[in-house]
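J.: Read off the chains here:
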Amino acid sequence: MTEESIFAGFGGQGILSMGMILAYAGMIEGKEVCWMPSYGPEMRGGTANATTIISDKSISSPIISRFDTVVALNQPSVDKFESKIKPGGTIIYDASNIINPPTRDDITIFGVAGSEAAINLKNMRVLNIVILGSFIAARKTVTPEAIMKALASVLPERYHHLLPVNQKAFEAGMELVINYK
Amino acid sequence: MSTIPNFIEIPVNPEIAQKEFEVYSKPSTLTDKPFHYCPGCGHSTVHKLLMEVVEEMGIQGDIVGVAPVGCSVFAYDYLDIDMQQAAHGRALAVATGIRRMLPDKLVFTYQGDGDLAAIGTAETLHAANRGENILTIFINNAVYGMTSGQMAPTTLEKMVTTTSPFGRDVSTQGYPLKISELLAMLPGVTYVTRQSVHTTANVRKTKKALRKAIELQQEGKGFCLVEVVSNCPSNWKMTPLQSQQFIQEKMIPFYPLGDIKTPEGK
Amino acid sequence: MGEIKLMKGNEALSEALIRAGCDGYFGYPITPQSEVIEYLSREANARTGMVVLQAESEVASINMVYGAAGTGRRVCTTSSSPGISLMQEGISYIASAELPCLVVNIVRGGPGLGTIQPSQADYFQATKGGGHGDYHMIVLAPYNVQEMVDHVKLGFELGEKYRTPVMILGDGALGQMMEKVELFEQMPRKTEFPDWATTGKKEGIHRSIITSLFIQPEVMEQVNLRLQAKYREIEKNEVLYQTINCEDADYIFTGFGLGSRIAMKAMEMAREKGHKVGLIRPITVYPFPYDIYKEFAGKVKGILDIEMNAGQMVEDVRLAVEGKTQVEFYGRMGGMIAGPDEVYEYFEEKFLGGK
Ligand SMILES: Cc1ncc(C[n+]2csc(CCOP(=O)(O)OP(=O)(O)O)c2C)c(N)n1
Ligand code: SF4
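Residue numbers (numbering that gives the first Met the number 0), protein chains in the order written: chain Z, 0 to 180; chain S, 0 to 265; chain R, 0 to 354.
By construction, these hints were calculated from the structure, which means they are not laboratory data.
Values in this document were obtained by computation on a predicted structure and should not be read as measured data.
Yeah, the Cβ is synthetic: ideal placement off N, Cα and C, and Gly gets one too.
One should not assume that every hint holds.
[Said to hold, decoys possible] Computed cross-link-like contacts, DSS-like style, restricted to lysine-lysine with a CA-CA straight-line distance of at most 30 Å:
1) R:Lys201 / S:Lys18
2) R:Lys4 / Z:Lys139
3) R:Lys349 / R:Lys293
4) S:Lys32 / S:Lys211
5) S:Lys104 / R:Lys189
6) Z:Lys83 / R:Lys293
7) S:Lys206 / S:Lys18
8) S:Lys206 / S:Lys47
9) R:Lys323 / S:Lys207
[As the list claims (entries may be wrong)] Take a look, some chain S residues computed to stay more than 10 Å from chain R by CB distance:
10) Asp79
11) Ser147
12) Thr162
13) Gly187
14) Ile251
Bound-form chain Z, shown alone (with noise of 0.2 Å):
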């Protein structure tokens, strides 16, 4: 199993933890691991990225020129990113942040509600977990108790009083995908 995939959106958003998370887990599980910030090709456009590789197998190059799975979270990512999707791969956007959604017939879309999530839990900032949570239920790289787990890892001392929290809108997420129609 390999999954490259690139997290994009404003920065603020809480891009790049996204995918340090992921990464964090997939190393909780053993897996090779390699998470990098906006650097290389696409760095330009106004958005934060992180590409993020798991894989079983040691993995080759960080830079890389086609994702296994897109997560946007603005409308400058899905712009940019659509066209980078391997054919079957999955992309992953914010329904409520976005104008033109992909139209790619050859791959799986998930237009979901993030915002509107985050929302309902009072909290605009956990919207990177929501869509985390979507990520994992439609991609299933790693585990669920494993994403917790590197939350809690990642997350200093003073903030675990927001795990709860956290934890729902991960769930949240996960039920936007499963539930997708």
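Starting from the structure of chain Z, add chains S and R with the ligands where the hints point.
T.: Only chains S and R with the ligands this time, still in chain Z's reference frame:
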């Protein structure tokens, strides 16, 4: 270092060469190698004074010196202690590295005016400002000695050098820099004094100043600077005697001697 | 097995410095490696008593390294391209005075102020001398975060073995990316120091002088001969490289550091398409593994070198193969990085007649 004098062997008369007749000897902390400095040059005197102090204080094994590029770059040939040679201008960075690794040792730099106040100004200012526990001995001879007499930051107004052949023109070449006064303003600096070695009385005062500075170093009191207004007879194109007069008449009026900052609160 | 962590390259390197028992670090902030001095300022002194000092410039920091290395301690500085340029005089002095130390260059795109994006354009500077005079540093080229850690320890060991400066030649991407690393155990700081160190004149007559000044040409020549003999020893003993899939290869891809990983991915793509491609990755770029290229030069149909510059290591590759095989180069500059797709297409174009 425009001329390297040949050392002439003088035959010794064993009847006269007896300990009881001895009136003068070099400190044991100097090597036996004859100085290469030009006749009458202040470098030789300051080397000897420093090593007398090192001998008297019994710190030969506790002190590490840094000599950067300049006429005194070969100081390690004469000073019989552990030494490092430094790139031009970097003496105080090198000394900082040594001192931070050897907090229990004494560290000094021996620098010319070009080294201390031109190419190495940043290192000088910042080492002083960090209050590094280092003693800097600063030989101000108002020219670049080693490279044969170009203008230095301390060259006096109207003074002729090979790069100010019509005399230093302050309107285009800047003013002579009183780096000691400048450094004295910094809180990390404990002791700044300006001395000279052009008369015997001044030689004695310089030695006292060196001893005081090393004692302050032993107490960990921070950065100390002993400036020595010196000469460069070769590049000033003077006899040693004329050069002493030049110090008295021209240098000292602009670079007044005495303490600039002391821990006692001057 | 040591402790496994997910770490950024720069932080992993910093942690390795502490664990390697480094005595002193002198540096000046510059992107993309400022995390090193930040991490060390936070962590180092309290844990091992290591000295961490922010110098006033790179010129000062390399000279502090010179002074500190002269006391026989384990010392290091890190910077990125423009800062490393400023250090060249000091590095030359260190090489001549034969002091061990570690210099890390997390390369960014140049020339000039350039860009903060990753690059490999300092290969020539690192491997061919950089400063004035005939000297070399041992240059290690890590290709992942794990090697950023391992090369710290290796670098100190090689430096001390040969009394020579060692450079770790990384790049901005390696510094910023996170990977799994296995950290070695905390090593004690040294308590015994070589007798050439300037630590105060020893009892009796022995004293130490650190200098790079040998004014008589006869003496300077002898110093040079000694240095060259040392470099020949290093070239004989310390060459490190990795080969993958070379046994049956018709073509070889090559590159160092991050470039080698892009090459590796392009190799995987080629293998999937049925082309027998192997990979050679120099781990030391000085000493350069000329022999392994020479060995394959007669056996393969071509070599494709991938770098993040205008073609620097490729000169060494060409030197090694002595015209016995076709050598092509693909690289991008100024902080742009070639994707594996681009590399693969270039391979098809150059070697397979553009299929
Ligand atoms: C980077 C560099 N630039 C220039 C020189 C040449 N240089 C050697 S000594 C010197 C001037 C030394 O003058 P000063 O520091 O006043 O010492 P003095 O020789 O007068 O005792 C110069 C310019 C050098 N060695 N290195
Ligand atoms: S400072 Fe002047 S007099 Fe003294 S050794 Fe140098 S050149 Fe000669």
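J.: Are all C-beta atoms of chain R more than 10 Å from that of Gly187 of chain S?
T.: Consistent with the label, Gly187 of chain S stays out of reach of chain R, its closest Cβ about 13 Å off (over 10 Å).
J.: Holds or violated: Lys4 of chain R with Lys139 of chain Z, Cα cutoff 30 Å?
T.: holds (23 Å)
J.: Starting from Lys83 of chain Z, check that the Cα of Lys293 of chain R is at most 30 Å away, please.
T.: The hint is violated at about 39 Å.
J.: Would the hint linking Lys104 of chain S and Lys189 of chain R be met if the CA-CA limit is 30 Å?
T.: It holds: about 18 Å lies between the C-alpha atoms, which stays within 30 Å.
J.: Please work out if Lys206 of chain S and Lys18 of chain S have their alpha carbons no farther apart than 30 Å.
T.: holds (25 Å)
J.: Please check whether the beta-carbon of Ile251 of chain S is more than 10 Å away from every beta-carbon in chain R.
T.: The claim holds: Ile251 of chain S sits with its nearest Cβ about 32 Å from chain R, beyond 10 Å.
J.: Is Lys201 of chain R close enough to Lys18 of chain S, meaning Cα to Cα at most 30 Å?
T.: holds (28 Å)
J.: Sort out whether Lys207 of chain S lies within 30 Å of Lys323 of chain R, counting only the CA atoms.
T.: Violated, at roughly 74 Å.
J.: Hey, is Ser147 of chain S genuinely clear of chain R, shortest beta carbon separation above 10 Å?
T.: Holds, because the least Cβ-Cβ distance between Ser147 of chain S and chain R comes to about 15 Å, which exceeds 10 Å.
J.: Straight-line Cα separation of Lys32 of chain S and Lys211 of chain S no greater than 30 Å?
T.: holds (28 Å)
J.: For Asp79 of chain S, which was marked as not at the interface, is the minimum beta-carbon distance to chain R over 10 Å?
T.: violated (7 Å)
J.: Measure nothing beyond the straight line between the CA atoms of Lys349 of chain R and Lys293 of chain R; if it is 30 Å or shorter, mark the hint as holding.
T.: holds (21 Å)
Checked against the numbered hints above, the structure violates hints 6, 9 and 10; every other hint is satisfied.
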